[in-house]
Every structure is written in C-alpha cells, then in structure tokens.
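Trainee: One letter stands for each residue in the lines below.
Number of protein chains: 2
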Amino acid sequence: MLVEILTIGDELCRGEIVDTNSSWLAAELWDLDVTCGWMTSCRDVAEDMRAALRQACARAELVVCSGGLGPTEDDLTVDVVAGLAGAVAEVHEPSRARMEARFAAVKAPRATNWLRQVRVPAGARVHDNPAGLAPGFEVELDGVPVICLPGPPRELKAMFDASVRARVVELRERRGAPERIARRIYRVFGRGESQVAAALDGLTEGVAGASLHFQVSFPETLVKVVVRDRDGAAAAARLAELDRAVRERLGRWLYGDGAAKLPEVVVGALAARGLTLAAAESCTGGLIGALVTSVPGSSRVFLGGAVCYADGEKVRQLGVRPETLASAGAVSEETVREMAAGMRERSGADLAVAVSGIAGPGGGSEDKPVGAVWLALAGQGGVTARHILWPGARDQVRTLAAWWALSMVLSEVAGADAGAGGAS
Amino acid sequence: MLVEILTIGDELCRGEIVDTNSSWLAAELWDLDVTCGWMTSCRDVAEDMRAALRQACARAELVVCSGGLGPTEDDLTVDVVAGLAGAVAEVHEPSRARMEARFAAVKAPRATNWLRQVRVPAGARVHDNPAGLAPGFEVELDGVPVICLPGPPRELKAMFDASVRARVVELRERRGAPERIARRIYRVFGRGESQVAAALDGLTEGVAGASLHFQVSFPETLVKVVVRDRDGAAAAARLAELDRAVRERLGRWLYGDGAAKLPEVVVGALAARGLTLAAAESCTGGLIGALVTSVPGSSRVFLGGAVCYADGEKVRQLGVRPETLASAGAVSEETVREMAAGMRERSGADLAVAVSGIAGPGGGSEDKPVGAVWLALAGQGGVTARHILWPGARDQVRTLAAWWALSMVLSEVAGADAGAGGAS
Chain A
30 MLVEILTIGD ELCRGEIVDT NSSWLAAELW DLDVTCGWMT SCRDVAEDMR AALRQACARA
90 ELVVCSGGLG PTEDDLTVDV VAGLAGAVAE VHEPSRARME ARFAAVKAPR ATNWLRQVRV
150 PAGARVHDNP AGLAPGFEVE LDGVPVICLP GPPRELKAMF DASVRARVVE LRERRGAPER
210 IARRIYRVFG RGESQVAAAL DGLTEGVAGA SLHFQVSFPE TLVKVVVRDR DGAAAAARLA
270 ELDRAVRERL GRWLYGDGAA KLPEVVVGAL AARGLTLAAA ESCTGGLIGA LVTSVPGSSR
330 VFLGGAVCYA DGEKVRQLGV RPETLASAGA VSEETVREMA AGMRERSGAD LAVAVSGIAG
390 PGGGSEDKPV GAVWLALAGQ GGVTARHILW PGARDQVRTL AAWWALSMVL SEVAGADAGA
450 GGAS
Chain B
30 MLVEILTIGD ELCRGEIVDT NSSWLAAELW DLDVTCGWMT SCRDVAEDMR AALRQACARA
90 ELVVCSGGLG PTEDDLTVDV VAGLAGAVAE VHEPSRARME ARFAAVKAPR ATNWLRQVRV
150 PAGARVHDNP AGLAPGFEVE LDGVPVICLP GPPRELKAMF DASVRARVVE LRERRGAPER
210 IARRIYRVFG RGESQVAAAL DGLTEGVAGA SLHFQVSFPE TLVKVVVRDR DGAAAAARLA
270 ELDRAVRERL GRWLYGDGAA KLPEVVVGAL AARGLTLAAA ESCTGGLIGA LVTSVPGSSR
330 VFLGGAVCYA DGEKVRQLGV RPETLASAGA VSEETVREMA AGMRERSGAD LAVAVSGIAG
390 PGGGSEDKPV GAVWLALAGQ GGVTARHILW PGARDQVRTL AAWWALSMVL SEVAGADAGA
450 GGAS
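So the sequence lines, in the order shown, correspond to chains A and B. To get the numbering used here, take the position in the first sequence, counting from 1, and add 29. To get the numbering used here, take the position in the second sequence, counting from 1, and add 29.
Do not take every clue at face value.
Which copy is meant is left open, because identical chains are indistinguishable; a pair holds if it fits in one copy or across any two.
[As the list claims (entries may be wrong)] Under the rule of at most 27 Å between Cα atoms (straight-line distance), these lysine-lysine pairs were calculated in the DSSO-like manner:
#, residue 1, residue 2
1, 397, 290
2, 253, 397
3, 186, 290
4, 136, 397
5, 290, 253
I should point out that these hints are in silico values taken from the structure, not numbers from a laboratory.
Next comes chain A alone, as it looks inside the complex:
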C-alpha cells in the first residue's frame, strides 16, 4: 500500500520551519507496512492544494495531509478538501462544545474567527484531537482515502496515536492480507551510529524477512529490528531470537527499548529502588533538572538541585571550596566532585550528580576546549567522576552533558543491583 504525505503551509515553503511531520508519519506508516512513495509540501494556496490533492489521489492508495486546519484566513484545508469532495464545510458540534468548554475554563474571550477551526467537510469521518482544538477528518477523493491532520506536531502525533494508526491498519487490511510485522526499537546512548552499526554487523544475515534500521536522534541512536512474515507468530519468534543477539552485542550501551527515553528510564529505575536524586548544574544550567522533571511522577525521586552558573553560587549553594576553584578551576574533576558531594550532603538525596563544562561557543582554551565537560556522581559508596570531550555546538554539548549525567545515574542504580561498582 503506497501512501503520499502532503504537508501544507507557507511557512514550510518559505523554510521558516522544518517539516518534521512528514518523516514522523513516514516512519510510523513504514512500521505498519505502508510505504510512503511521495512527500509533497505546498503553500496555503487553494489552487496548489487542489492540484496536489488530485495528483496524490491519482498515484497513491492513501493520502495523509497535515496543516491548514487553524483558525486564520490562510488555513484553507477544510474548504479545499470539502470543495473537492463536493461537500460543504460544517461545524463539528462535539468539537465546538469542547472549544466552548475550553474558553470557559481559561476565561478567555472568543476571537471572532474561533468557529473556523472546528469545521469539517459534511459527512467526513472525524478524528478527535486529544492535544488541541481542531478536529482531524477523513474523506474519499476519487476513491482514495484522504486523512487530514493538524500541523502542530504534538497534535498530529496525538491524533495519529489515538485513532489514525488503527484506521490505517483497517484500510490496509481491507486491501487484502498483507505481511505481518514484528519489530522492536532499541535505544543506545554513549556510542555513535557507525559504532552501533559495526556492533550489529551481519546480525540479520540468514534470518528470513529480517532487516535492521538505524536512526540518529541526537544524542542517542535508535536501532530498529523488523521481521516480516505472512505468519505473525513466526515473525515474532524470529524477532525474539534476534532480541537476544542485539542485547548481547550492544551490552551496556543499550539503555532501553520502546518509547521510554533516558530520563524516563532513570526516573523509573530510581523509583523502583526507592532512591532520591539531586543535581548540581553549571554548564547545563538546569537542563538535567528539566529533563528529569519532564517525566510525570518525577517528584517521587527528584528532590531538586542547584544551578550554579557563577562560581560564587558553587561556593554558596554547594560548599565548593574557593581554594579548589582557584587552583583547579570551575571545570575540573576536583570542583565537580565537591559539587556532587556538597549537593548530596546538603539535600540529603541518595544520589547527587554534578556537571561543569565549557559549552561554548566562547570560553574555551587549549587546556579546556569547548566541549570539555566534567561529571561526578555522589552516592553511598563515594564519588565517581568522568570526563567527556565532544566539540560541538553549544546546545549539543549541553544536551550531551545532561544525558551523560543521567547515564551515570542509571549505571550506578543498575550497578548497585548487580553488585557492580557503579559508573565507569
């Protein structure tokens, strides 16, 4: 089953935003054995949208659109699709009611154009929007199903998860018995794509219907193992075999599988063992705390932290000795060890992690170049430290440092279970 993805918006064609919806949808559809043949973007121009929709219906068996469902005059998708379907655009009452409730809840006045975004073509199958106000919908054009989703990625993803994925499977099944797909995503941190690929070289050789896909999602690398077979149980059995091999080959760099990213895995590991965490941050400036507390329920394990951007704050908040800062500098093993130890002692947390580094673009020296970061973890067994050097852009250095901090926490917690010695 071949699909065309159509994304609509002047802001796309002016290069103001990168279209991440198309690749996200393409990957999701690929997982459903639905191949994306074309991805097209056009402007908020009715004539261009009509031409793009007609063409998509002429060459694809399913069309998935995103964008143009908002409340403003340049949001034309509902009208254009309704026009092609020979239907009128009408207000979808449940969505209107949701929006009314929303206005009441936030006590906001109604904009004059508020009803625009709760319209759908008459007779369309409606897809509810769990993350926003504009409903999605599906119509048939020239016998081809066209599913229209909102442009904001979080709304598009929520709607896909809530109802569109199941609908695509239904449409696919209707076209005849396809292959079943067994698949698993593995999450790797601490090794780059080429190292991961080398570690898995030849993995699927001789395994019928098996394939391996890599995706860099900085700072981690995702590995997707897929097995196809007309017999779903046979595919699952071969995937289970491969699963053992993947885990053996990736070892400690594999930190999880499925949708849970490192912060969620760390919070889960701490919660499972009843441990608490605190963070002392310099170059990450609060990013570790922000990542940990992005996980719902993190209040069970995260006490808080100190953001000590200025040296004086390292002394005041964490008790780092001024002599240490003077002799070794703020970015040093000595300072970061004192930061972690001070944080743990003062907060009473079971574990405290500390980071100090040169995020750039300025501030580097030959001795301590941009990308040089010291990390320390204080636990019951003492303080361990590690150094990383990754000369990249400021946001990359900071993200990488925060992830390494979380990775040290996970190693410590997992290591404690296994009776091992903590982070390397």
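Use these hints to put chain B onto chain A, whose structure you have.
Mentor: Frame of chain A; chain B shown alone:
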C-alpha cells in the same frame, strides 16, 4: 520566480532522516526573492524521479534537486536527469582528478564503483563540491533550469554558497526585473494566534502588495509582514508604515522582532542594564535556567538558581517558612513570593524569579487544577506576583510557565527604563 525543491532518497520516504535540505534551500531562495512553491520528496525509483522532474519542470521556473549523487547503485540522479535531457552520463575529468588525489592522500583503496559519483550529464554546467567528491550540475529540461546538488547537508550548503546562489540570482535577473520583497518578523508572547490575528485584522487592507502571515511556534506566535513591489524602496517604505501600526496594535505583547527569541531578548535586556538574575524553580524543574543559559554569554547576567521540587528544598534552599507551605500550600501566591524573595536575598541577584505550579498530568485538584501556576518576581522595588491557568499537557504547562517567568523579567527591566511599575 517560482521554484520547486525536489529531494530524492528512500531514507527520506521511510522517515529515517528528516529532510532539512528543503527548508534550508527554501529559506535561502526566499532571501533571494525566489519563492518556493512546492517541495517534493520521492524514493530512489527511476520512474518516480522522472515523473517528479517532469512535473516540477511543468509548474516551476527553476528546479533544485538534492540527493542521489552518491556512488552506490541506488544513486540514480545522474542517469535519470541525463536520460531526460537526452544526454549521456560521462565522467567529469576535473572531479575525477580530485577524487584520485583524495584516494592517494588518504591511501584508501578505490571502491569498485568509485567513478559513478564523478559523472555528470554531457554538456551540463558543473557546480564544484567544496565539501565532498560528487560534483553538482545543471541542465535544462523543457526549457527549465534543473540544478542537482548532493544530499549531505554539509555538501549541499557548501555548494550553494560557493556557486549556486550566484547562479540563481543570474537566472532570476535573466527573467526580467522581479518584485522586491520587504519583510519583518514580529514575536508575540502572552496572546494566542487567534487573538493576535484579531488584533491585526485589516492591517494590510488597501496597502498594495502587502500580506500578513501567522505562525504558532509554541509558546509564542510569529507574525510576518511582507510587502512586494517592483521598486524595493517603495516596498520598504510601506513596510515602515505597517511597522508602526503593528507595534501600536500589539503593544506589550510584542516582545521583539527578528531571530532573537525571548531568552535571548531577556539576556540582552539584562546585560544592557548591568542587572543579574537568579531563578527559583519548582514545577519548571530547571527549565528557566536551561532556557536562559541556552544563550551564549548568559553567564554575564545569570548567577544560577535553585530547583526546589520537594517542599523541604524550598525551606532549605530558599528559606520558605514551613508555616506558609502548611497553610497556603506549595502552589500559592504566598509561597512563590517567599521563594522569589529568598532567592534574591541569598543569591544577591538584582532580580529573582520564582515559579510553582501543577504541571500535571496528576496532582491537580478542584482548587488548584492542572495548569495552575503562580509566578513571582523579586526586585529592588519589592515582589510582584501573577497567576496563570493554562490546562495543557505537562511539557506545555512547564514551557509556558518558564516563558511567563522570562516575560515578567523583561517587563520589569523594560518597565524600569520607562519609569513604570514593573510586571502586571
């Protein structure tokens, strides 16, 4: 002049990588007064590539392709384009020589297919590759110039900078004097897209060649005002008129224009006045600090902060009174005022901002629902507080709370200049 951007590759259509080339090219072209009308991606399938190229030449005045110039068998661009142009694919001798030199320099053995990627259609205009080995090239198909660039973004950008940009200008000029574009981007925080649109309703009415574009980039809304005219000075003059009207209508919700987002504007405003900032964060968990320190040079103004997720940390780090927490609760005006005052006093910062709220999804009550956030700002003139209620997803509540905190800082700093009373 309308252009179509065509990106080619199975990895795009499987969603394994996000196509950033299209938006980068579109933005570069837009700056050259060349409007991208369509962005198309297709697989490494010769028939699809031919159809996409034919269609692009039928509707656009210039086609820019990327991808499919590599050495492997699925790199088909040279052969497909040569076929459509009625030319043979032939080795480009200067590129061959460069590649030979490269093999010699790195002492690498030649891959068997190494000559594939130094071929171009016979008679094509060649664009050298300053960052790689595969040359780019340009041919005419049906009278439309088609420029083919390599897929790796680094190589594509280097080639565009080295020769393609100048060539596009040349092609544009050859089509006669085009319209000039005057434009400005305005950044609005604190009002949603529909409210912003309502405030600017009718703005461009009667202004020749003027248009208005909105873009939600949560949590802010971008407004782009564009004026087109064959006379660049006339376009600029009308834009200047509109500029005054935009500023008047948006008032204090307009926090800046151009590329600088709120954290950068806040850091700049603080730095310009020699003021320092500290942050006391509960529900944002470090996000305010992470946003502020994402700005290079923020160490001039940001001392640090306290992430006080647990109540005990609010007492220990900020001196919040246990009685206050017991009587008013952690999410209350009283607590957040004490957090801000304590942070300011202990850190010695000129300004301290504090946040406490219910980020969800759990933890809400009728009294204090998910999305309820209290903020306070402590400055020389005392402490001001404000309450927001925005029942959204956890990451949205947190992002919104962090932006409101920054917005309060900006109002205070800008208000101090104007002799006004600070944040509302």
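Trainee: Each of the hints needs a verdict: does it hold here or not?
Mentor: Outcome of the hint check:
1. Neither within a single protomer nor between protomers do residue 397 and residue 290 lie at most 27 Å apart by alpha-carbon distance, with minima of 30 Å and 30 Å respectively.
2. Neither within a single protomer nor between protomers do residue 253 and residue 397 lie at most 27 Å apart by alpha-carbon distance, with minima of 37 Å and 42 Å respectively.
3. For a Cα distance limit of 27 Å, the shortest separation of residue 186 from residue 290 qualifies both inside one copy, at 17 Å, and across copies, at 26 Å.
4. Taking the shortest alpha-carbon separations for residue 136 and residue 397, only the inter-copy value of 15 Å comes in at or below 27 Å, while the best intra-copy value is 53 Å.
5. Taking CA atoms no more than 27 Å apart as the test, residue 290 paired with residue 253 passes inside one copy only; the shortest distance there is 15 Å, against 36 Å between copies.
Violated hints, listed in ascending order, are 1, 2; each of the other numbered hints is respected by the structure.
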